[in-house]
Amino acid sequence: MVIVGAGEQAALAHEYFTRDSPHDVVAFCVDDSRLEADRFRGLPVVALSKLASVYPPDDHRAFVAISSTQLNRPRRRLYDAVKAAGYDCLSYVSTRAFVWPDVEIGENTFVFEHNVLQHGVRVGDNVILWSGNHIGHQTVIEDDCFIASHAVISGFCRVGRGAYLGVNCCVAENLQLAEDCVIGAGAVVVKSTAAREVYIGNPARPTGRDSFATMGVAEG
21 MVIVGAGEQA
31 ALAHEYFTRD
41 SPHDVVAFCV
51 DDSRLEADRF
61 RGLPVVALSK
71 LASVYPPDDH
81 RAFVAISSTQ
91 LNRPRRRLYD
101 AVKAAGYDCL
111 SYVSTRAFVW
121 PDVEIGENTF
131 VFEHNVLQHG
141 VRVGDNVILW
151 SGNHIGHQTV
161 IEDDCFIASH
171 AVISGFCRVG
181 RGAYLGVNCC
191 VAENLQLAED
201 CVIGAGAVVV
211 KSTAAREVYI
221 GNPARPTGRD
231 SFATMGVAEG
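Position in the sequence shown counted from 1, then plus 20, gives you my numbering.
Please keep in mind that the hints were generated in silico from the structure rather than gathered at the bench. A couple of the hints might just be wrong.
[What the hints assert, rightly or not] For each label pair, taking beta carbons as the anchor points, the in silico distance ranges come out as:
no., residue 1, residue 2, range
1, 56, 196, 39 to 45 Å
2, 176, 121, 17 to 23 Å
3, 61, 228, 41 to 47 Å
4, 238, 211, 25 to 31 Å
Ideal placement from N, C-alpha and C gives every residue a C-beta, glycine not left out.
Let the sequences and hints guide you as you build the complete structure.
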């Protein structure tokens, strides 16, 4: 497999895939404009434009390891580029996570240790679940979400695409978190949210700030 990225997130992915998966990482890949060194963590680094010729998609799979910056937009762009080049993207699920047998997890998703994913949970593509989260039964997490450590999401919730949930936040049951909303660290969400809003506090309340401006997402 090839890891797309050459920063801290890529280093973490390399560590976890190498030590806790059956996959063999053979190289890293970056945008052509970001190619600054030919090796990272002892492995070759190739430009994205050359990836398919050097590591063909018929023989390799990929994982895009980019941070959650800009509500996962850069990570989504690279994921789409890799998919367009013909690659299947792997997901990583820690062997130290509790995942009920009927849970569904999409592509290019990373589930760190000590997550609990209960019966009926569905997780989309390009999602990051940092360590120690609880995802309650029948909850759906849509594509491109980032959930920081020790968040509790109760049962029958839906987390909209591109949402960002801060560390130690709590979400009550049967709620809809709208796409691109940001839930601050420690916030306690007791009502469904609006798209592109930023919420803080207990109970969580909207700040009136646009999540795109807060997280540096470019329009269009």
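Q.
Does the beta carbon distance between residue 238 and residue 211 stay inside 25 to 31 Å, or does it fall outside?
A. Holds - the Cβ-Cβ distance for residue 238 and residue 211, about 29 Å, lies within 25 to 31 Å.
Q. How does the Cβ-Cβ distance of residue 176 and residue 121 compare with 17 to 23 Å: does it lie in that range?
A. holds (19 Å)
Q. Falls inside 41 to 47 Å, the C-beta gap from residue 61 to residue 228?
A. Holds - the Cβ-Cβ distance for residue 61 and residue 228, about 43 Å, lies within 41 to 47 Å.
Q: Could you see if the CB distance from residue 56 to residue 196 stays within 39 to 45 Å?
A: holds (42 Å)
Violated hints are absent here; each numbered hint is respected by the structure.
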